[in-house]
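Peer 1: For chain A, the structure is supplied; the task is to place chain B on it using the hints.
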Amino acid sequence: MQHISAVREPLVTGGKTYHDVTADICYQVEAKPNIRWMMAFGVALFFLGVFFYSVYRTLWYGIGEWGLNKTVGWAWDITNFVWWVGIGHAGTLISAVLLLFRQKWRSSINRAAEAMTIFAVICAAMFPVLHMGRPWMAFWVLPLQNTYGSLWANFNSPLLWDVFAISTYFSVSLVFWYIGLVPDFATIRDRAKGPIAKVAYSMLSLGWKGSAKAWSRYETVSLILAGVSTPLVLSVHTIVSMDFATSVVPGWHTTIFPPYFVAGAIFSGFAMVLTLMLITRVVFRLEDYITLEHIALMNKIMMITGSIVGVAYITEFFIAWYSQVEFEQYAFINRATGPYWWAYASMMTCNVITPQLVWFRRVRYSIPLTFILSIIVNIGMWFERFVIIVTSLHREYIPSGWVMFSPSIIDIGIYVGTLGLFFTLFLLFAKFFPVINMAEVKTILKYTVDNGPTYTGGHGHGHGHAPAHPVTPGVPASAPVTYNQHD
Amino acid sequence: MGRAPWPCQRESTQVPKSPTMKYWKGIEELENSPEFLQTAFSEFAPMKDLHPSSDPTAAPRRDFLKLMGFGVAAAALASCEAPVRKAIPYLNKPEEVDPSIANFYASTYFNGADYNAVLVKNRDGRPIKLEGNPESPITRGGLSARAQAAVLNLYDGGRLQHFAIKGQKSTPEALDREVMSKLGSAGRIAIVSPTIISPSTKRAIAEFANRYPGTSHVMYDAQSASGLLQANSGVLPSYNFERANVIVSLGADFLGTWISPVEFARQYATTRKVSSEKRTMSRHYQFETAMSLTGSNADVRVPVKPSELGAVAAALYNGIAGGGSSSYSNPKLTKAISDLQANRGASLVVSGSNDPAVQTLVAAINQTLGNVGTTVDLAAPSMVRQGDDARMNALVEDIIGGRIGGVIFYHANPVFSHPMGEKLKAAIPKLGLSISFNDRLDETGSLCQYAAPDHHWLESWNDFEPKRGFLSLAQPAITPLFSTRQAQETLLRWAGNNTTYYNYVRNGWRNVLGGNFNAAWDKAVHDGVAMGTALAAAPAPSAAAMSAAEALGQLGSAKGSGIELTVYEKVGLGAAGFESNNPFLQELPDPVSKATWGNYLAVPRKMAVEQKWEQGDVIKVTGNGKTIELPVLIQPGQANGTVSIALGYGREMAGKVGDKVGANAAPFMGIATVTLDKTGANSPIAQTQTHHTIMDRSQVVQENSLANYIKDPKKVTEYETIVTPDGAEKPSKVSLWQDYQYNNHHWGMAIDLNSCIGCGSCVIGCQTENNVAVVGKQEVINRREMHWMRIDRYYSSDAHRTDFDEKGKLATYAAMEDPSENPQVIFQPMMCQHCNHAPCETVCPVLATTHSSEGLNQMTYNRCVGTRYCANNCPYKVRRFNWFSYYSNEKFENVNGHMFTDLGRMVLNPDVTVRARGVMEKCSMCVQRIQLGKLEAKKQKRRPMDGEVVTACAQSCPTEAIVFGDMRDPESRISKLLKREDGERAFHALDTINVQPNITYLTKIRNAASEFFPEEKEA
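Heads up: the sequence lines are chains A and B, in that order. For the first sequence, my numbering puts the final residue at 487, and the numbers step up evenly by one. For the second sequence, my numbering puts the final residue at 11019, and the numbers step up evenly by one.
To be clear, the hints were calculated from the coordinates, so they are not data collected in a lab. Treat the hints with care, as some may be off.
To be verified - Cβ pair distances, simulated, as ranges:
1. 300/A - 10726/B: 46 to 54 Å
2. 10719/B - 129/A: 42 to 50 Å
3. 10622/B - 323/A: 36 to 44 Å
4. 167/A - 10935/B: 42 to 50 Å
Stated by the list, open to error - Among chain B residues calculated to face chain A with C-beta under 10 Å, some are:
5. 10516
6. 10690
7. 10693
8. 10699
9. 10700
10. 10793
11. 10801
12. 10813
13. 10842
14. 10844
15. 10846
16. 10878
17. 10889
18. 10914
19. 10917
20. 10918
What the hints assert, rightly or not - Which stretches of chain A does chain B cover? Using the computed rule of at least three CB atoms under 8 Å from a CB of chain B, they are:
21. 59-69
22. 134-142
23. 245-259
24. 388-397
From the three backbone atoms N, C-alpha and C, an ideal C-beta is built for every residue, glycine too.
Isolated chain A, as found in the complex (with noise of 0.2 Å):
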């Protein structure tokens, strides 16, 4: 069913044979970690513990370890969760709607991407809990049977359908996740030496034995959880933009919401995943399966989502003016020329401007400038929800409650925190997980018609691809390609 143009640009350069693709991918699981990945590790795990202390302040103490105020309620929590939320929509994206849109492209990016997700969506899920006051008592949000009669969840509450979103958009994405990795744990399984990880790897690919039976439920499975995760990609960050959308709030009572929060979760989800992906592909050594195409193409989204988001922010400051109410147009001058002004300055400029370089081949085409700009797109994103929850909040519409709000240093380790246990579950994925998905990378390797999987007789090739293990010689370069053959 894949169609073979004659002209196509490849997606996986460096002449890749499919047992290039599986000891290129498989080396990182196998070998011993890296000095630099250990300096990583233990860096986001001094971050994760400086996590946990935050949460034992928070837990043990209360809630008043953080900057909040009897006027601003929420600010860096919810700012963090939404955040964080959107970081993870890149990966639903990529996974499911780009699957559907046969944009196979994504294969090279997808499972990172996902890995992404779930622990983004760990990491927001962190902050509904913890901002709670009394958060042993969390389960009460749930639906749950119990004694007192009527006393039940209050489904007029948006706070109970994120409750519902964020669950539903984890344990898909989890699946999904975990579909697409089985084929690839079972690869690792039929190479693994040590009793630990033949183990290990064997209870993870849950018996998988690569026959066509299985490849067919596996593509069918995939489809369908691609079909149940689009909408997904659509509905979570509505849900969650209506926790403000719905409130009385100037500022955040704005029916432009859920497609300006979706752009936006978008937007900033890539800049993410280019992020990550920047930074892997050159720690891992995988320029070859994550191309400039690749960088270029994400760069297209962030342009395309940023450009939405732009002409959100313009549109919410017309119908401010438009409906000549006088707490929703101070609630806009405010936040574009009130004390909070350089959060909005910092938010525009990051978020509206610079993916508008992007236009420039140049700048879509060069790692170190892409990187910046993912930087500054994730640090905007961040600005955004800070401006609009904390500019709303602090003069709302008794001026008598107008205050500042400035964090603690307990906010702050609790942000740098859940970075901190983002990058260590990353880093533990990059390590002990397949980064790319080998199986579906081994598709693409076939771009042209008479182009396919060659062996070229040599390792090195002048592509300045030298990977660290030997391409194994002698494998005939017209080698037959067996789907249910995990070498």
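Peer 2: Frame of chain A; chain B shown alone:
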């Protein structure tokens, strides 16, 4: 297939197949031995002891495991069990005391400055709250914030709990022996006290003085009215603001701190209440230096320097009496003169000055205007200020000079509150005999040889005569908590009279109460107040200090230079520092500056701009060789070229709460000019409100002029409309909601912004009623105060929305954030609005906040998980989150100590939960009081009567600005009021968002002369 039957042995043995045939299941059954019969009918064969042991003490394995299991389980259970707190029932139930039923006892609060007739709410034998005594003709059910908070002082762990000799614990007997042996030879003895208005106490002092002839009794007031007393021949006039159409105050904060604020506030508010039938109200001019509570309520306020106040008085006198030229002129003063002249006999001029010359002129003005006998009453003078500065200063000189043998400090703490406190501090240890009756080892008491602490007033009998002919009683509401003794009894004992003070008071009243004394006495104790011939002799008129002409001559020459200083008294904390250890009052925001926890240097903005001072910059104030350091607070309305500092702060030995809060300004009393230097340090001021202007948000709070109101009461309030297909409609007409049905009650509240003076009494009333936690200075700075009820204070700004076109929106908005130099002030009490379309209710994920069938928005604390979504979605920002565990987190042990100790917890209202960390709380409209009222009515098989259920805030309001009641009862006060004011002054805050509050505000009406406020809106 069913289960195979499993007959028990009993059946198998009892139902043989045939009587002739018998089957045995074994040889044992055949033998039917006693051993067999023992076990024949049990289902299972007995367990075999697998390891028979000959040693009976050795524990078998199974027993060991059982015991271990039990032990582990018991240890685990014991470790997680909550400590047992025993509530021991009465063996013999005291009469009147029913568990969980409150009793009210009438009593009297007087702390040396404020008089309040109170009802003490007792639960299970302990006072938990004070309420105003509506029987009192003076305070008429109102209660000041200080009096509200006073119940907390009873349980103050900082009180001295026993008699002490030189700081060592002692007994009354030992102390009496030593003191009485020294008293005879002490020579000159002085009893130093604040004003005493108790006739019996004065008799006791006189008896003591009789026994020890060298004794003199010197009273002094930390905020003295000596000048006023001198000018009126030793008489403190009673004032009646109720009859005054025009009120001119020269620096008298009569609504906040001056003489009898609760009484005056009620009278004042009466003249300020308007309705379409009564479209008149008094006009109030205020000439003052610092922005006082009274000044913030004035229709016309003129900032003047302290040195100018004399000139103002002189100009006013000249204007009224038609005298010569004046050095001060101001069109507002001219208008005041003409208003006064137009209201002869129905006007009132008062002054807070302590300068006899000013007070002489003020007395002369009232005399000239014919106000004496109408608004000024010299026949029934007030007794609440009797301090004589000259006598006190002479005594201090004598103590310092060593000319006094012994001093008894009777609730007086001059080391702290007298300007010469430092010198006294050195002199008191040198006295031959020094005794303190103070309730704690304070700055003065700790220097004394003997400490004989008095009972708290809630533990005491006493009588009072706040005004000649008006009597008041105090009765004990609890057995004394500590080994203290009533001071009067101590004095009497030393004088050789061993009677109890109760008998002493009672006997004293025999001459006063006519008819059947026992019945009259019982009634007086029950009512707490009585009218009667004065117990004390009428104050002897002294010679008038000076004539008006002399006074004019003195004042004409007064001229100030440099930066002038005023020291003033806070509405919450008294000048004498008696309330310093009361955390409720420390955290009560100043009505005007909204600052808590500490005093500050209030400066006008002009000075701050010129000197480049920011709020919180610490300034060294130097005057007459004395210095203190205080942070700057930029105070709109402060007269240019002046600064002011509050008294009562900077205590050293008040207790955990009050020590080291602010700096003591007492040494600066009487110092006119100071120099100011920036120190470079910064000390943030804990304000509960940091944005000060209303930003022209007429939807939040509304005001208009009396002129417009007279023209058309229906045009003074702006009602927002929204456009619908049927034209402009009230927002409440358009709704997606299915409205709640209220079939029984629908509670509501109306707050008249015209009579609310912003005093903060309701804030403390709410705090005591509802166990609201105190959070301390740092947490107020963090903007996390817990008050369920707050009073928003807005200053007017020079910029308005009307400037948008001319100056641009951004510039105008920025300018609107700055208050005017001398702003108009509006107060708005703000608490949960109990919205019928409550935004908080829809967003709570766990239904912790819901709507009651009676219109209340109710908070279920133990269901709350603390997402704070409700607080974010509350447009009024009235929800308060428990950021910490305020009752157990050691950070709050000093400031919220009453929730930490068994002693302090006695003050908590047992009907209201102390909220746990992590839950949201807010005004419940005193649902416990509503419930009580409903139950009482139900017991009597009737509906609750209007006025039977009153919230704590409404109860304590001295001006009756808050009306609470059932809006479904057409005959209730609130229903009538809302009906009357509908379309006129009644409005809901933030009407357009259609949350439909149950709290209604009534538009404030100002009676400012239109010529001074040309921008006043035209109706």
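Peer 1: Give a verdict on every hint.
Peer 2: Here is what the structure says about each hint:
1. 300/A - 10726/B: 46 to 54 Å: Roughly 50 Å apart at Cβ, these two residues keep to the hinted range, so it holds.
2. 10719/B - 129/A: 42 to 50 Å: 45 Å, holds
3. 10622/B - 323/A: 36 to 44 Å: With a Cβ separation near 56 Å, residue 10622/B and residue 323/A fall outside 36 to 44 Å, so the hint is violated.
4. 167/A - 10935/B: 42 to 50 Å: 45 Å, holds
5. 10516: Since the shortest Cβ distance to chain A is 56 Å, the answer is violated.
6. 10690: With a minimum Cβ separation of about 6 Å from chain A (threshold 10 Å), the hint on residue 10690/B holds.
7. 10693: Constraint on residue 10693/B satisfied, holds at 7 Å.
8. 10699: 7 Å, holds
9. 10700: It holds, given that the least Cβ distance between residue 10700/B and chain A is near 6 Å, below 10 Å.
10. 10793: Where the cut-off is 10 Å and the nearest Cβ of chain A is about 7 Å from residue 10793/B, the hint holds.
11. 10801: 8 Å, holds
12. 10813: Residue 10813/B check passes; min Cβ-Cβ to chain A is 6 Å, inside 10 Å.
13. 10842: 5 Å, holds
14. 10844: Holds: closest Cβ of chain A sits about 6 Å from residue 10844/B, inside 10 Å.
15. 10846: Where the cut-off is 10 Å and the nearest Cβ of chain A is about 5 Å from residue 10846/B, the hint holds.
16. 10878: 9 Å, holds
17. 10889: It holds, given that the least Cβ distance between residue 10889/B and chain A is near 7 Å, below 10 Å.
18. 10914: Hint violated; residue 10914/B Cβ to chain A Cβ min 15 Å, cut 10 Å.
19. 10917: With Cβ-Cβ at 5 Å, under 10 Å, it holds.
20. 10918: Because about 3 Å separates residue 10918/B from the closest Cβ in chain A, which is inside the 10 Å limit, the hint holds.
21. 59-69: holds (count 7)
22. 134-142: Per the Cβ count (6), the hint holds.
23. 245-259: holds (count 4)
24. 388-397: holds (count 4)
Violation of the numbered hints given earlier is confined to hints 3, 5, 18; the remaining hints are satisfied by the structure.
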